[in-house]
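**Student:** Kindly produce the complete structure, drawing on both the sequences and the hints.
Protein sequence lines correspond, in order, to chains A and B.
Last residue of the first sequence: number 163 in my numbering, and the count goes up by one each step with no gaps.
Last residue of the second sequence: number 188 in my numbering, and the count goes up by one each step with no gaps.
No lab work stands behind these hints: they were computed from the structure.
Any given hint might turn out to be false.
What the hints assert, rightly or not - The list that follows gives simulated cross-link-like pairs (lysine-lysine, PhoX-like), each with its CA atoms no further than 25 Å apart:
1) B/K136 / B/K147
2) A/K88 / B/K187
3) A/K89 / A/K70
4) B/K160 / A/K88
5) A/K89 / B/K160
6) A/K89 / B/K175
7) A/K89 / B/K147
8) B/K155 / B/K136
9) B/K136 / B/K160
10) B/K175 / A/K70
11) B/K136 / B/K187
12) B/K187 / B/K160
13) B/K155 / B/K187
14) A/K88 / B/K175
15) B/K147 / B/K187
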Amino acid sequence: ETGVTQTPRHLVMGMTNKKSLKCEQHLGHNAMYWYKQSAKKPLELMFVYSLEERVENNSVPSRFSPECPNSSHLFLHLHTLQPEDSALYLCASSQDPASAGNTIYFGEGSWLTVV
Amino acid sequence: GQNIDQPTEMTATEGAIVQINCTYQTSGFNGLFWYQQHAGEAPTFLSYNVLDGLEEKGRFSSFLSRSKGYSYLLLKELQMKDSASYLCAVRSGGFKTIFGAGTRLFVKA
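**Tutor:** Structure below.
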């Protein structure tokens, strides 16, 4: 139990489907993140929310749409994805994203396969 | 550009010591992290260095040299359960923490 819960753990979707990934953190943190992890590649930061405001958007295609309704919940809405979007999507949270020693705590990830 | 380099794979023997190196080039530096990730699981925090020197935490130690853009993670008394990927990450500034591709460590009996 990491304190960051992601659902679903596995998702298979067609290129025309619309689906969403959900993340919930139980750590009382102020910031939440979406990372993409592809095989043998570094973790790629997609989005950062601090106090429910998006503060980082790393040139992510518009077919990925984040939503942060409150500081405990984060969604990633998926629409018309491509097979190359298949990856592990990791949600994370941290106490204070502006501090130097800000430690990021990860959820167990959602394995996404686009067919 | 921003870049973090670490070896792709390493193999070591149970009970031995292994050192995983990480070099980085980033536009800013606000600390370096090491994470452990077992297959199919979340990365978990191991250590944080912001000043030069060695930080020791049980069997794991992490070293940082900011002038050289270099860090290493030292694992002592290796156990089979230490087989995992080890991720080096640098907080480069703002809200960005940049990760390396990870080093897969295989511990053999």
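**Student:** Enumerate the violated hints, using their earlier numbering and listing them in ascending order.
**Tutor:** 15
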